[in-house]
Structures are given as C-alpha cells and as structure tokens.
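Quick note, the sequences are listed as chains F and U, same order.
Quick note: the numbering used here has the first sequence finishing at residue 553, numbered continuously throughout.
Quick note: the numbering used here has the second sequence finishing at residue 939, numbered continuously throughout.
Don't take every hint at face value.
[As the list claims (entries may be wrong)] Simulated pairs of lysine-lysine, DSBU-like, Cα-Cα distance not exceeding 30 Å:
no.: 1; chain 1: U; residue 1: 715; chain 2: F; residue 2: 210
no.: 2; chain 1: U; residue 1: 681; chain 2: F; residue 2: 210
no.: 3; chain 1: F; residue 1: 402; chain 2: U; residue 2: 366
no.: 4; chain 1: U; residue 1: 477; chain 2: U; residue 2: 856
no.: 5; chain 1: U; residue 1: 598; chain 2: F; residue 2: 210
no.: 6; chain 1: U; residue 1: 431; chain 2: U; residue 2: 477
no.: 7; chain 1: F; residue 1: 402; chain 2: U; residue 2: 598
no.: 8; chain 1: U; residue 1: 681; chain 2: U; residue 2: 366
no.: 9; chain 1: F; residue 1: 402; chain 2: U; residue 2: 431
[As the list claims (entries may be wrong)] Covered stretches of chain U, as calculated for chain F (at least 3 residues, CB under 8 Å):
no.: 10; region: 362 to 370
no.: 11; region: 373 to 387
To be clear, the hints were calculated from the coordinates, so they are not data collected in a lab.
Note that beta-carbon positions come from the ideal geometry of N, C-alpha and C, so glycine has one too.
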Amino acid sequence: MSNMRPDPITVEVIGSALSSIVEEMGEALVRASYSTNIKERRDCSTALFDIAGNTLCQAEHIPIHLGSFIGIIAHILKRHPMAKMQPGDVFVGNDAYEGGGTHLPDIVLAEPIFVDGRIVSWAVNLAHHSDFADRGHAHIFQEGLRIPPIRLYRAGELQNDVQELILLNCQVPRERLSDLRAQMAANRLGVSRMQALCAKYGTETVLAAGEALQDYAERKMRAGIAAIPDGTWTFADVHDSPEIDGELPLTLTLTIAGDTMSLDFDGPDQVRAGINMTFTALLATVYYAVKTVVDPTLLPNAGLARPLRVTAREGSVLNCVLPAAVNARLSTCQRVVDLIHGALAQAVPGRVTAAHNGACFVASFVGRQPITGEPWVYLETIGGGFGARATKDGLDGVHVHTTNTSNLPVEALEIEYPLTLMRYELVEGSGGAGRQRGGMGLRRVYRAEAECRLRMDGSRFASAPWGLQGGQPGGRGRFVYGPGIAPFVLGNGLLQAGDWVEIITPGGGGYGPPGERDRAALQRDLAEGSITPEAAQTIYGAD
Amino acid sequence: MGWRVGVDSGGTFTDVCLFEEDTGRIAVWKVSSTPDDPSRGIAGGVAEGMAEIGQAPADIAYFGHGTTVATNALIQHRGVRTGLVTTDGFRDLLEIGRQKRPDLYDLQVDKPPVLVARELRLQVPERIRHDGSVETALDEQAVRDAARALKAAGVQAIAICFLYSFVHPAHEATAKRIIAEEIPGIFLTTSHEIAPEFREFERLSTAVVNSYLGPVMRGYIKRLAERLAELGVTATPHLTQSNGGVIGFEAAAEMPVRMVLSGPSTGVVGAQAIGRLSGFPDLITFDMGGTSTDVALLQGGAARMTGEAIVHGYPIKAPMLDIHTVGAGGGSIAFVDSGGLLKVGPRSCGADPGPVCYDRGNPEAAVTDANVVLGTLHPTHLLGGRMPIRRDLSLAAVERLAAQLGMGVMETAQGILSVVTANMAKAIRVISVQRGHDPRDYTLMAFGGAGPLHASRLAKELDIRRVLVPRNPGILCAMGLLLTDLRADFSATRLTALDEDAVAPMEAAFATLTATAERWFEQEHIAADKRMIRRSVDMRYAGQNYELPVALPDGPFTAATLAHLAEGFAAAHRQMYGFIAEGEAVQLVTFRLEATGVVRKAELRPRPLQGPDPQAALEATREIWLPEAQGIVVVPVYARDRLAPGDRIAGPAIVEQMDATTVILPGQDARVDEYENLILEAAA
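Could you put the whole structure together from the sequences, leaning on the hints where they help?
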C-alpha cells in the first residue's frame with residue numbers, strides 16, 4: 011500500500027495511539043449502554059480494521075468477539091462496493107453465514123473512516139444484545155433475526171425501515187435501540203479519533219505503521235513458535251451439552267515446524283443443536299489459545315495469524331455450514347482451547363495450564379414484569395475453576411479462556427428483574443487435586459419471584475476438566491432443581507414464583523501429583539474448607 | 256499568628272514545608288524517611304526544620320500531613336488479621352468479585368490476595384430485599400457466635416456487610432452492637448457507614464479494606480500525635496484524604512480507606528491553588544516521578560472527583576480525586592522486544608541501582624539515561640551536584656539499543672523519550688478525551704522530579720499550547736497541604752425517578768445528609784461562618800448503570816430544582832457521550848453532600864515583575880541533541896533560583912534547579928510570572 015517504512019519508534023507511538031482509540035471506544039460503549047449485559051457485564055468489543063479487513067487493533071474485552079470482527083469487513087465488501095460508500099454510512103450485521111458473525115445476538119456495527127475523500131480504515135464494534143431468547147436451536151432460522159451486512163445509516167441518515175425491521179424481531183426493543191445508540195456513539199468516536207490521528211501524522215504514515223504493526227505481531231508470533239520444539243502432537247477430548255445426547259469426540263493434530271504451526275481439527279458432522287462453530291469462531295479461538303502459550307503480549311492484530319494454518323472439515327461441528335445453529339458455540343470454543351492446550355502440553359508442559367472449567371455456563375431468563383406486564387430478558391454467564399499451573403494453583407471462580415464477562419451485582423439484578431439470588435459461592439472440593447490445585451467452580455442459586463422461562467447451558471457434565479502431569483480432574487458441572495419443577499427439555503424449562511434452581515460449574519484440573527502438594531498449602535486448603543479432611547487423607551496422603 | 260507546616264512523608268524523603276502567615280515567607284526542609292515508623296522521621300524533620308528557621312514547635316499554628324501509611328500497608332499487604340460477617344450464601348463474594356480473571360491472555364497472572372481468609376468470612380442468616388423489606392430477620396445469636404469465633408481466631412478488625420444495607424441499615428447496626436459487646440474496642444466497619452451505595456461487591460471490598468487498614472492507621476496516628484505533643488506542637492494535626500481535603504486525626508483513624516490516595520491528591524491540590532493564583536484554572540497535572548506518573552484534570556479550578564476506583568487491585572468506594580496513574584517514570588527501562596520494537600517500562604531500575612549513569616551495576620538504559628545522552632540532563636552530575644554520574648555508561652547502553660534497532664544513537668535516545676511520551680499521552684487521553692474534555696483547552700502543569708523535563712514534548716504530542724512549571728516542582732505535595740480546606744463527603748443511594756414526586760424523597764435524603772454533616776462540623780470545631788456545603792446528585796437514564804454527577808443549587812427543593820437537574824444531566828450526558836436520549840426517563844441514584852470547613856490557608860504573595868533579560872541567571876551553555884535540528888545545538892542553561900519575575904527566555908534552553916530540570920524547546924518562549932512560575936508557550 012505504501013513504500014514508506016516508518017521507523018520502529020513511530021510504529022510504537024502510533025500503536026499506542028491506536029490502542030487508546032479502541033479502548034476509548036470500548037469505554038464509551040459500556041458507559042452509554044442500557045442493557046445489563048453491556049453496562050455491567052461488558053459483553054462487547056471494539057476494534058479498528060484496515061481496508062483489506064485485517065484487524066489493526068482490538069480492545070481487550072472478549073476474545074471470541076474477534077471471530078465476528080474478522081468476518082464482517084469481507085462480507086460487507088462482498089455486497090457493497092467501496093466506491094459507493096459515503097462518509098456516515100454505517101453497516102449492521104450479525105449473521106453467522108452472510109455476516110461473518112459467530113452467533114446472532116452479537117450485533118456488529120461497522121463504519122468506514124474517510125480521510126480526504128477516501129476510506130482509510132474501519133471503526134467496528136460488537137455488542138452482545140441480550141435478546142433472541144427462548145428460541146429453538148435446531149437450525150439457525152430458529153435462533154433469531156439473520157442480518158446480512160446492510161446500511162443502518164446512509165451518509166449519516168438513519169435508515170428507519172431497517173431499524174424497525176430489526177426492532178420488531180426483538181423481544182426487548184427499547185434496550186436494543188439504546189444499545190444500538192451506544193454502539194453508534196462508540197464508532198463515531200473511533201472515526202473522529204482516527205481522522206485526528208491521520209491529520210497529525212499523515213495518513214500514509216498511519217497506514218504504513220498499521221502494516222508494520224501487523225508485521226511486528228507476525229515476527230513475535232514466529233519467534234515464539236520457533237522457541238517450541240518441532241514435532242506433531244495429537245489430543246482428543248469430548249464435548250457435551252444439555253442440547254445433545256451423549257458426547258461428541260473432537261481431535262486435534264498440531265504440528266510445529268520451525269516458526270509455523272498448523273492445527274488440523276476433526277469432529278463429528280454438525281448437529282441439530284446450537285453448539286456448532288463457524289470457521290471464524292474457530293479461528294478466533296485458535297488465536298486466543300495459541301497466544302496464551304506462545305506469547306501473551308502479542309498485539310491483538312491480524313499479523314499474529316500469518317504463521318498459523320488452521321483446517322477443520324466443512325460441515326463438521328467445528329466448521330459448520332448453513333443451516334447449522336450456533337447460539338451456544340461458546341462452550342464448544344472452550345473445548346477447542348482444551349484441545350490446543352492439551353496438544354501443546356506435550357511440547358511445553360511448563361507453559362500450559364491444566365484444563366480450565368471448559369464451559370461457559372449460561373442462565374437465560376424470559377418473562378413479564380409482575381406489575382407492568384413489560385417483557386424482560388436477562389442473560390448471564392457464570393465462570394468456574396481455572397486450571398492449575400506448573401508452579402501455582404488455579405484461580406477460583408473466574409471466567410476462563412474465550413470469554414471474560416463480569417457478573418451482575420445481586421443488588422442490580424434483583425432491582426431490575428423478578429429474581430432473587432439465594433447463594434453465590436465457591437464449590438468446595440471442586441478444584442482438581444494436584445501438587446498445584448485447580449481452581450474451584452461456582453454455585454449460583456436463583457429463585458423466581460414470578461413465572462418465567464429459563465434456559466440453562468453449560469458443559470463438562472459427563473467428562474471432567476483434566477489434570478496435567480499427574481494432577482487430577484476438576485469437579486463436574488451440574489444443575490439442581492428445587493421441588494415441584496417440571497423436567498427441563500434440552501436445557502429449557504418453566505419456573506413458577508417461588509421455584510428455585512441451582513447451577514454448579516466445573517472446577518479446574520490439578521497439576522502434578524497430589525502427594526507432592528506442599529503441606530502448608532494443604533493445611534490452608536483444609537482451614538479454608540476448599541478440600542475435605544477425607545480428601546486430604548485419601549487423595550493428598552496427609553497424615 | 257504563626258507558622259503553617261505541611262509534611263509530605265514519602266518512601267524516600269519526608270518534605271517539610273514551612274510557611275509564615277504574617278510575612279508569606281516559605282522555607283523547605285527535606286529529611287530521609289523512616290519507613291519502619293514514619294512518625295519518627297516526621298517529628299525529627301519538623302523539629303529540625305523549625306530549629307533551622309529559629310522557631311519553636313509551639314509556634315506552629317497549623318499542621319497538615321499527607322501520608323502513604325495506608326497505601327503502603329495495602330500494597331504490601333501488611334494490614335491486620337481481619338474477619339468478615341456477611342449475609343448467608345455470600346461469604347465468597349469477596350474472593351469472586353466480578354468473576355473476571357486478572358489478565359485476558361497471560362495465564363500466570365494472579366488476582367490480588369484476598370484480605371480476609373475464607374475461614375474468617377462468617378455468614379449469618381438474614382436477608383433484606385431491594386425495597387428495604389426484611390425477608391429473613393437477622394439471627395442475632397448467629398452474629399454473637401460469629402463474633403466469638405472471630406475473637407478466638409485472633410482477628411484485630413472486623414468488617415460487616417449485608418446485602419441492601421444501604422437501603423435498610425438496621426441489620427448491620429445490630430450486628431455492630433453485638434460484636435462490640437463481644438469484643439470491646441475491636442476495630443469495626445459497617446458497609447452502610449463507610450459506603451452507603453449500591454453494588455454489593457464494591458461496598459464489601461471498601462468495608463474490608465477499611466477494617467484491614469484500621470488498626471494500622473490508628474496505631475500510626477496515635478504514635479504521631481504523641482510525638483508531636485512531646486515536641487510541643489499544640490495545633491490540632493490534620494491528615495489529607497484521597498478527596499484532596501484534610502480531616503482531623505480522630506476522624507481519619509476511623510476511615511483509613513479514605514486516605515489511600517492521600518499522597519498524590521495533595522500534589523493536585525497544590526497545582527490547583529497555583530493554577531488559580533496564576534490565572535490558569537483549567538489544568539492537566541503531570542506529576543512524573545521515578546517509577547510512576549500521576550495525571551489529573553482540573554476544570555474551572557476544580558479537580559474531577561470519582562466515587563469509586565480500583566486501588567492496588569481492590570475496588571474502593573470513596574470520594575477521590577480522579578487521578579490516573581501509569582507505571583512509567585524516569586527510571587523506566589528501555590528495551591527492544593522479540594518483534595524488534597522499542598519498548599519502555601513497566602520495569603523500573605528504581606533509586607537503587609538506578610539508571611546506568613549512576614554506575615551502580617544496572618546495565619539497561621533508563622529514561623534518565625536517554626536524557627543524559629541527549630544532554631537535556633547535566634552530563635556530569637544530577638540533584639544540584641549531589642549525585643555524580645557517568646555519561647559514557649549511558650551512551651554505551653543506548654548504543655547497544657541503537658545497534659539492535661539499526662538506528663543512530665541520538666535518534667534512539669530521542670526515541671526512548673518519544674515512546675515514554677506516547678505512554679504519558681495515553682494516560683492523559685484517559686482523563687481528558689475519554690471524559691469528554693479536549694486537552695488543547697488546558698494548561699499542562701508539570702511537577703515531580705521528571706515532570707518539567709518531559710512536559711514540553713508531552714504538550715506537543717497532545718497539542719497543548721501552554722506548560723506551567725511551578726517554582727518548587729519537587730515539593731508541590733507538601734505545599735498543597737498548606738493550601739487545602741477541611742473536607743468530608745457524605746452520600747446516600749436512593750433510586751428515585753426524576754418526576755414531580757422526586758422533591759420529597761430528595762428533601763428527606765438531603766435532610767439526613769445535612770444532619771450528618773452538621774455533626775461532623777461540630778466534631779471538627781468549625782465555626783458557623785466557615786461552613787460550606789455543596790450538594791450534587793448522581794443521575795442516569797433509567798436502565799443505564801453508570802451515573803453522571805450533576806451539581807444542585809443551594810436553597811429549597813422545588814419544581815425548578817428538578818428542571819435544573821434535568822438540564823444539568825442532559826448537558827453532562829452530551830459532553831460525556833455525545834448524545835442525549837430524548838424522552839427517556841431519568842433517575843436520581845445517589846445524593847451527595849460535600850462539607851467544607853474553610854481554614855486559613857497559606858497565601859502565596861506575588862513579586863513585582865522585572866526582566867525581561869534573564870542574563871543574571873545564565874549559568875553556562877550546554878550541547879544538547881535536538882530532533883528539530885537533527886543534531887547538536889548549543890543552548891543556554893539558566894539557574895532557576897536566580898530567575899526573576901518578568902524574565903523571558905527563548906527556546907531552546909535549559910533551566911536547572913536542585914530537584915528538577917526544565918527543557919524549553921525550539922519555538923517555545925518561557926516567562927517567569929509574578930509567582931515565579933515558569934510558563935512555556937509556543938512562540939507567537
């Protein structure tokens with residue numbers, strides 16, 4: 011694009027400015043939004059892209075969101091010639107097959123950034139709209155409104171027809187509208203900040219620095235891979251979900267050759283359930299997992315992907331095609347991380363953690379407010395145990411891997427929705443035993459104060475998060491139903507006022523033989539109640 | 256009339272600033288700190304400082320003190336063994352927090368240690384609902400049992416936090432009474448007293464931090480008060496809080512959580528006073544030290560406040576100046592990473608071994624070394640001659656980086672400054688553009704050891720036209736202590752819709768807050784005519800979860816008050832987010848009252864303007880490397896002590912003083928104003 015090679019210092023300085031911009035966009039989005047999912051749980055991401063659709067910079071929010079980002083620009087360009095775009099055009103999209111998305115609630119807004127009459131870059135953000143609830147998941151047509159990339163704004167003018175169509179298909183249109191406004195505000199900021207940056211340093215310099223930053227990420231990725239011994243490793247694991255019977259076998263063959271890495275996945279044919287992954291979701295997951303082991307400081311831009319080759323059979327669970335349903339792809343993503351870490355653990359065991367909780371537990375409620383009759387939708391995801399590390403215990407009760415959303419404060423949840431939270435605590439004994447103990451899972455107990463429908467999702471109900479180097483597996487996930495509740499079907503059920511349900515999330519795997527655990531650490535575990543005296547004796551061999 | 260004394264006790268030095276009320280005379284005394292018991296160094300410094308000017312401690316009319324005792328105890332986890340009593344089912348909340356992991360990609364990072372061990376977090380049956388109604392009454396026997404168990408476990412402090420205590424505090428109050436009966440004299444914090452606002456984890460964390468630090472602070476204050484009394488100081492001693500105001504020792508001992516940003520806040524207060532005097536009320540402060548840099552924004556002479564921040568990993572709900580800290584300073588180390596880019600920090604060489612030029616064994620170039628190489632710092636010694644240095648070592652270290660980058664040595668040294676400047680610019684964007692302020696409308700006030708050295712480059716990066724370097728940039732924090740009022744903040748969360756029915760609940764909430772403030776005024780013995788009250792309301796659109804503060808006019812509550820709030824909120828929302836949501840319902844969330852006890856402050860006196868020829872202050876010339884010239888330029892070096900008000904200096908030039916060096920760039924003009932501030936502006 012440009013012959014200018016900016017010096018390493020200019021590149022670093024412009025890199026700082028780009029990350030300022032995406033962070034500022036992220037803050038604006040969170041603060042101006044209405045829905046609890048964005049304003050408290052921060053389930054959103056922001057990024058800048060170059061005109062070829064490569065990530066220039068992504069704010070550190072949710073790794074899986076990169077999956078939607080890497081697809082959107084290409085899909086926009088497929089439908090809309092760049093020559094016909096105008097300043098103030100804003101594209102909206104969410105579709106997993108025609109919009110580059112990974113599931114329908116993640117709605118992306120993308121705005122081309124014009125400088126001196128030409129497009130130099132894109133401001134993009136994604137918000138997980140807590141809507142499309144209580145839907146079917148046999149195929150994607152049941153999962154919500156599919157939006158290909160189309161103009162929500164044309165030259166700064168709201169396309170009201172489009173907006174009305176979207177809102178009519180949403181259960182809580184007022185929240186959707188407000189969150190879309192916040193998304194607009196975030197992109198507007200991105201556009202004006204990027205224009206100012208180009209004015210300051212010169213557009214050519216900024217673009218050249220953008221390219222240099224991608225080259226830089228590539229060099230660091232290559233340097234990191236080269237430091238791993240060459241070889242081929244395979245790893246197999248299984249995946250389960252309330253939506254399917256039995257477990258799906260998944261495998262990975264991972265090859266390191268010099269400064270490149272190839273990852274060849276295989277799994278069963280795509281299923282009539284929302285647990286399939288699009289290829290972009292798979293890529294985003296790979297980028298995340300590899301980065302954690304190779305070099306966590308890698309810049310979040312497209313350059314890091316260049317030394318990686320990823321394949322998965324088309325039409326399989328890990329690379330699904332139309333019309334596969336994808337809503338609950340996140341737990342599958344977590345299992346893909348387990349595959350990658352499991353393979354890399356054979357090459358560089360000291361750098362890899364034992365399996366994390368391996369799931370993204372979801373509770374999604376739909377109902378009507380008792381007094382006003384207003385419809386409400388509330389979605390939350392629940393963390394669990396973090397796998398033990400070579401020299402440290404795993405973290406207790408956190409979100410792991412491809413997600414990292416906040417919980418909603420009890421005092422905010424109960425004010426907004428007719429729900430009461432009865433308990434929120436660590437699950438004793440759920441951390442996998444080991445020289446280093448796996449992190450503990452979480453228990454969250456809800457009571458309905460009015461009739462509502464509930465959908466619960468998760469994984470690792472049958473299998474357990476594995477340990478490493480002699481460490482034992484972490485505890486499994488479980489749903490517990492209070493008395494009088496009719497059996498849930500595929501994770502869906504009805505709660506009457508006064509009914510309660512309990513979600514227990516898995517713990518992390520342990521690292522190293524439990525018998526080698528430091529005795530003082532074992533005493534602390536006992537004092538804190540993280541393990542039982544029986545476990546201390548039978549598993550850890552305490553006196 | 257007598258002397259006003261400000262003491263800023265830092266990790267390395269304790270600065271004592273003495274100000275004579277009658278004459279406006281200022282004296283400064285610097286002694287080494289005594290970190291094992293800072294009160295020793297402080298008492299010694301005050302005694303020596305007063306002796307030096309021939310005065311007795313009894314002549315001290317006012318004693319103000321900024322301390323890092325609370326901050327350090329929190330950073331180093333040296334608080335006391337603390338217990339927690341909380342709602343059944345929620346004892347792990349302290350550990351779970353917001354369930355996020357500390358780093359997105361680095362799987363080796365840990366969360367900050369939990370301040371209360373799991374076995375000391377006891378839960379008792381009780382449950383209040385969001386509307387304040389009681390679902391489960393407090394099990395008083397369970398509280399008593401918990402108190403006994405914690406007593407047996409040897410805790411020195413206890414925090415009490417129940418869900419919705421900010422709506423219905425009775426359960427916490429009862430628990431407090433029972434625990435005090437069981438363990439007389441133990442340090443107790445209830446969440447509704449320390450932070451009566453919603454969001455339980457942050458309120459819980461605040462209560463726990465307060466208890467964890469309580470006995471440490473109580474012990475420190477007691478020792479310091481005794482030492483001062485032994486010296487013969489009769490003035491009531493005061494401590495600064497994170498909100499920039501001071502408070503009496505007794506009140507401070509009960510609320511250490513409100514002191515955690517005591518240190519940097521006094522610098523901002525000092526900057527605020529000097530900015531007002533010099534006619535620059537809109538300021539961005541830039542306090543750059545050896546390992547970290549604090550920045551803050553002041554609009555119309557007032558610093559932005561925040562009600563919540565994460566301090567050293569722990570969420571704290573307390574009124575604080577909105578100060579943003581970055582881990583970069585003069586000691587930050589430069590290196591070339593595996594991808595071939597030049598990075599600076601966050602590793603720092605500290606004061607020991609210090610930068611390469613100190614010749615104490617550190618081989619890696621720090622920001623200070625880059626300045627030594629470029630000539631912006633003196634080539635043979637620093638700190639007014641007290642610290643001899645070796646430029647050849649700095650040069651060799653920067654040459655090694657230059658070879659890795661394939662660049663010239665001077666370009667590399669300048670590059671280190673560019674990278675660190677970019678980091679600083681990022682921090683300033685957080686407090687300005689991210690809050691809807693354009694930095695170009697502000698004056699950059701530079702202080703701290705390294706602030707004046709880097710301020711002009713930073714201003715250029717942000718298109719800021721004016722830089723102000725105060726007369727004593729190294730002791731601005733101690734000065735700030737002499738320029739601040741007594742201040743306490745009170746708040747109450749009451750979710751209320753902004754409609755005609757809002758007047759009564761608002762009136763009731765403020766009546767309670769005002770009564771509390773009146774009690775505080777009495778405790779602090781503030782005369783009626785010195786009492787000031789400012790009210791504000793945190794507001795949002797119904798459905799949002801972040802609030803914006805809107806100032807409330809004095810006087811009775813009427814329909815006009817509501818209209819004022821609505822307008823104020825719309826304006827604030829537009830500034831912050833660039834839009835308003837016409838027709839959406841607005842909520843009042845938290846009512847706030849800021850009580851100020853006006854005290855006599857040090858009054859800086861102007862000196863008559865002379866000049867403009869700075870010749871009398873010319874000390875030497877020096878070769879410095881300037882990117883503007885792409886080469887060495889010989890520039891004049893002026894002694895700050897000898898510059899007179901009215902003097903003008905055309906850049907490029909250097910101004911040196913004992914604890915700071917100011918760089919004036921080509922194209923900048925500097926002038927000394929009547930308060931002896933150095934004001935740098937783009938040449939006309």
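Taking the hints in turn, this is what the structure says about them:
no., hint, in the structure
1, U:715 / F:210, "11 Å, holds"
2, U:681 / F:210, "15 Å, holds"
3, F:402 / U:366, "12 Å, holds"
4, U:477 / U:856, "26 Å, holds"
5, U:598 / F:210, "22 Å, holds"
6, U:431 / U:477, "24 Å, holds"
7, F:402 / U:598, "29 Å, holds"
8, U:681 / U:366, "25 Å, holds"
9, F:402 / U:431, "38 Å, violated"
10, 362 to 370, "holds (count 4)"
11, 373 to 387, "holds (count 4)"
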